[in-house]
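In order, the protein sequence lines correspond to chains H and B. When the first sequence is numbered by numbering that gives the first Met the number 0, its final residue is 419 and no position is left out of the sequence of numbers. When the second sequence is numbered by numbering that gives the first Met the number 0, its final residue is 419 and no position is left out of the sequence of numbers.
Bear in mind the hints are in silico, worked out from the structure with no lab data behind them. Small disclaimer: the values here were computed from a predicted structure and weren't measured. Quick reminder that beta carbons are idealized off the backbone N, C-alpha and C, glycines included. Any given hint might turn out to be false.
To be verified - Have a look at the derived ranges for each label pair, beta carbon to beta carbon:
#: 1; chain 1: B; residue 1: 152; chain 2: H; residue 2: 357; range: 56 to 62 Å
#: 2; chain 1: B; residue 1: 261; chain 2: H; residue 2: 349; range: 44 to 50 Å
#: 3; chain 1: H; residue 1: 5; chain 2: B; residue 2: 98; range: 42 to 48 Å
Protein chains: 2
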Amino acid sequence: MENFETISGGICAAKGFKASGLYCGIKHGLPDGNESPVSNKKNDIAMIFADVECNAAGVYTSNKVKGAPVVVTKNNLAKSGGKARAVIVNSGNANTCNADGEEKAVEMCRLTAEALNIPMEQVIVASTGVIGLTLPIEPIKYAVPLLAEKLSYEGNIEAATAIMTTDTVRKEYAVKFTVDGKECHLGGMAKGSGMIHPNMATTLNFITTDCAVSPEMLQKALSEIVKITYNCLSVDGDQSTNDTCMLIASGLAGNTEITSENEDFQTFKDALYQVMKNLTIMLAKDGEGATKLITCVCSSAPDLDTAIIAAKSVIRSPLVKTMIYGEDANCGRIACAVGYAESDKIDVTKLDIFLASKAGKIQTYKDGLNMDFSEEKAAEILKEDEIEILIGLNSGEATATAWGCDLTYDYVKINGDYRS
Amino acid sequence: MENFETISGGICAAKGFKASGLYCGIKHGLPDGNESPVSNKKNDIAMIFADVECNAAGVYTSNKVKGAPVVVTKNNLAKSGGKARAVIVNSGNANTCNADGEEKAVEMCRLTAEALNIPMEQVIVASTGVIGLTLPIEPIKYAVPLLAEKLSYEGNIEAATAIMTTDTVRKEYAVKFTVDGKECHLGGMAKGSGMIHPNMATTLNFITTDCAVSPEMLQKALSEIVKITYNCLSVDGDQSTNDTCMLIASGLAGNTEITSENEDFQTFKDALYQVMKNLTIMLAKDGEGATKLITCVCSSAPDLDTAIIAAKSVIRSPLVKTMIYGEDANCGRIACAVGYAESDKIDVTKLDIFLASKAGKIQTYKDGLNMDFSEEKAAEILKEDEIEILIGLNSGEATATAWGCDLTYDYVKINGDYRS
Chain H
0 MENFETISGG ICAAKGFKAS GLYCGIKHGL PDGNESPVSN KKNDIAMIFA
50 DVECNAAGVY TSNKVKGAPV VVTKNNLAKS GGKARAVIVN SGNANTCNAD
100 GEEKAVEMCR LTAEALNIPM EQVIVASTGV IGLTLPIEPI KYAVPLLAEK
150 LSYEGNIEAA TAIMTTDTVR KEYAVKFTVD GKECHLGGMA KGSGMIHPNM
200 ATTLNFITTD CAVSPEMLQK ALSEIVKITY NCLSVDGDQS TNDTCMLIAS
250 GLAGNTEITS ENEDFQTFKD ALYQVMKNLT IMLAKDGEGA TKLITCVCSS
300 APDLDTAIIA AKSVIRSPLV KTMIYGEDAN CGRIACAVGY AESDKIDVTK
350 LDIFLASKAG KIQTYKDGLN MDFSEEKAAE ILKEDEIEIL IGLNSGEATA
400 TAWGCDLTYD YVKINGDYRS
Chain B
0 MENFETISGG ICAAKGFKAS GLYCGIKHGL PDGNESPVSN KKNDIAMIFA
50 DVECNAAGVY TSNKVKGAPV VVTKNNLAKS GGKARAVIVN SGNANTCNAD
100 GEEKAVEMCR LTAEALNIPM EQVIVASTGV IGLTLPIEPI KYAVPLLAEK
150 LSYEGNIEAA TAIMTTDTVR KEYAVKFTVD GKECHLGGMA KGSGMIHPNM
200 ATTLNFITTD CAVSPEMLQK ALSEIVKITY NCLSVDGDQS TNDTCMLIAS
250 GLAGNTEITS ENEDFQTFKD ALYQVMKNLT IMLAKDGEGA TKLITCVCSS
300 APDLDTAIIA AKSVIRSPLV KTMIYGEDAN CGRIACAVGY AESDKIDVTK
350 LDIFLASKAG KIQTYKDGLN MDFSEEKAAE ILKEDEIEIL IGLNSGEATA
400 TAWGCDLTYD YVKINGDYRS
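Construct the entire structure; sequences and hints are all you get.
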């Protein structure tokens with residue numbers, strides 16, 4: 000989209016946001032007192048701090064087992080009327096299913112509020128990592144004052160590194176756009192590699208913007224865009240307990256606050272879509288053990304929901320995932336996954352299937368039936384790293400995209416021994 | 000159960016059922032004319048033939064993409080008023096998503112009816128294997144008369160071998176029981192290893208009995224028992240297009256026909272449960288790439304449906320499956336899977352979790368919270384080949400069991416290149 004320029008800076012791209020990150024030994028114990036606090040071990044705790052009080056919107060896991068930080072964050076924002084100043088987030092421990100979980104999450108907020116001299120209910124707290132392991136508070140007590148000291152307008156990389164668990168790459172994306180004649184910025188960071196499945200705000204995501212948007216419009220934009228980005232992502236079909244997607248707006252761009260569904264709101268949503276879509280693709284590409292990105296576009300669907308359901312069913316199928324890994328054009332598996340998608344509005348006798356990549360595009364199914372296609376061409380297409388599965392329902396005008404990855408030996412390896 | 004004696008004989012255990020199987024080259028071409036028709040290649044086509052007209056009941060895939068044989072079998076039984084004499088079934092090709100699929104499935108019935116001199120609509124046809132590949136009819140034309148010649152009351156092993164695809168073991172089970180003072184027999188064979196997921200009659204299953212049961216009661220028993228056996232099985236979350244579970248009753252045991260829900264009906268259902276439960280366990284154990292059988296028992300649930308939903312959610316979770324493979328007691332993943340189970344009736348704050356095997360039993364979660372348990376003991380328990388995950392919802396009296404297997408490197412290997 001020509002209105003958006005991709006920029007660097009992640010969560011610090013927007014005006015008024017500082018960040019920091021460091022290693023404090025959540026999983027492996029405090030750094031040795033004699034070492035520099037920033038050892039060569041990967042950062043495991045991060046802080047974001049806004050120069051001004053911000054409007055905040057959130058979407059959270061729909062799992063009934065909820066991480067204590069999810070509960071505490073929701074409580075805080077309810078108390079503060081949707082206002083937030085800071086985020087504290089750790090990796091290495093999900094602080095979920097622990098008897099003292101909420102107490103510890105509240106303590107994280109208290110420590111952060113104290114260090115930054117802000118009200119406790121304006122702190123957003125999040126955790127990611129092993130479920131059902133007591134969160135050690137000592138490393139956090141040690142880290143929070145240091146994080147506050149280290150805060151900087153260039154701290155986005157330190158923070159984005161801190162939230163990684165089995166992620167192999169850091170995930171940041173930001174854009175620049177114009178609203179009401181003012182230059183606005185919107186950027187985010189995300190983590191997530193496994194335990195990723197639709198119907199929630201997948202994984203941990205923090206997005207900041209300097210565009211002025213009312214709390215209601217902020218929530219509306221976030222909910223709409225989550226539906227067609229993060230919620231259209233599946234790595235393994237497991238729905239995490241700690242998913243949190245936060246959107247925080249400082250308003251420092253100086254535009255007239257967006258308070259209704261006007262043209263500016265549309266521009267803002269487009270910017271949010273750009274960032275969230277690109278973070279979604281990064282998450283899919285970096286799915287645990289993944290070697291290939293799979294994009295499934297469902298078109299000519301009767302409505303958006305049906306298009307999403309069909310595309311997600313294909314993306315989730317272990318047999319489709321292994322077929323892409325094996326570079327085998329066994330497209331009956333795609334037809335099969337469309338057939339069991341939970342929708343009454345899919346007429347499988349109209350189903351068309353295409354495979355595509357940089358190497359070309361071929362049709363393999365027409366009207367629900369297998370076609371005589373070139374296996375050679377299919378092999379060429381499937382050799383690429385980014386594969387598109389295009390399904391046509393020929394029953395309407397709606398289109399949706401879902402993202403996922405192949406299923407490989409390494410997914411099994413990574414998850415067979417996750418806690419150690 | 001003391002009323003049931005496990006016996007051999009599979010689908011030939013009941014009076015009046017002959018079977019046969021042979022290799023005809025569905026996938027790899029006709030056997031060389033100079034060779035014996037029974038080469039050392041695995042059987043790929045089987046026939047069952049009843050001495051008398053039987054009552055037949057069926058449960059079929061709920062996938063909207065249905066194999067042509069599923070459609071043809073349903074049509075036949077509708078025409079025959081639920082009467083059947085013969086089954087013809089091949090592996091190596093699912094005959095699904097093919098333009099000439101129904102024509103070929105009908106032709107299989109015609110050939111069988113001709114060879115056995117019975118009405119065409121009394122033939123049950125089934126196919127399993129690759130989807131979207133034209134079914135070669137020549138091997139079937141060659142095979143059917145030979146299968147008819149070879150039919151024998153000891154043909155169950157030849158037949159059970161013929162329906163295997165990626166199965167590594169043959170799956171047969173049979174019991175002897177008494178109804179109305181008469182000795183009855185009920186036995187079955189099953190195939191299935193991948194593309195296995197609840198909400199359907201998983202895979203191909205054929206069960207025969209000499210117990211006299213009316214068509215209505217036969218269907219009622221089958222539907223009830225499918226719900227708590229095959230439908231509580233998940234290997235990979237993919238729902239096949241060709242699932243067919245047939246129950247065929249010859250009535251030759253000589254008992255008064257069961258026509259209502261009396262005590263005899265209960266005895267018959269118990270026998271059916273024994274056979275179907277044991278076939279389900281065999282299917283789970285032989286899941287593609289599986290090294291461990293996982294049994295999840297959900298107890299103290301508010302009702303049966305909730306118990307099934309919770310147990311199946313755990314069995315299906317890729318992260319639970321890899322944790323069992325890795326012998327890692329990361330029970331937060333079990334709590335997580337219960338948390339996203341699709342039921343409003345689960346109170347996760349009451350959730351108890353236990354791990355058990357021949358090596359012992361330990362509790363790891365109480366009231367939804369992680370407990371301090373012995374990792375050593377857990378490691379001992381998880382070293383075994385058959386693992387039980389016990390979840391207590393503490394909200395009622397209902398119990399259900401679901402069966403599955405671990406997720407291993409070999410699942411990926413088997414499915415990365417299935418067609419060749």
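Going through the hints against the structure:
Residue 152 of chain B and residue 357 of chain H have their C-beta atoms about 60 Å apart, which keeps the hinted 56 to 62 Å range intact. Taking 44 to 50 Å as the suggested C-beta distance range, the pair residue 261 of chain B and residue 349 of chain H conforms, at roughly 48 Å. At about 47 Å, the CB distance of residue 5 of chain H to residue 98 of chain B agrees with the hint of 42 to 48 Å.
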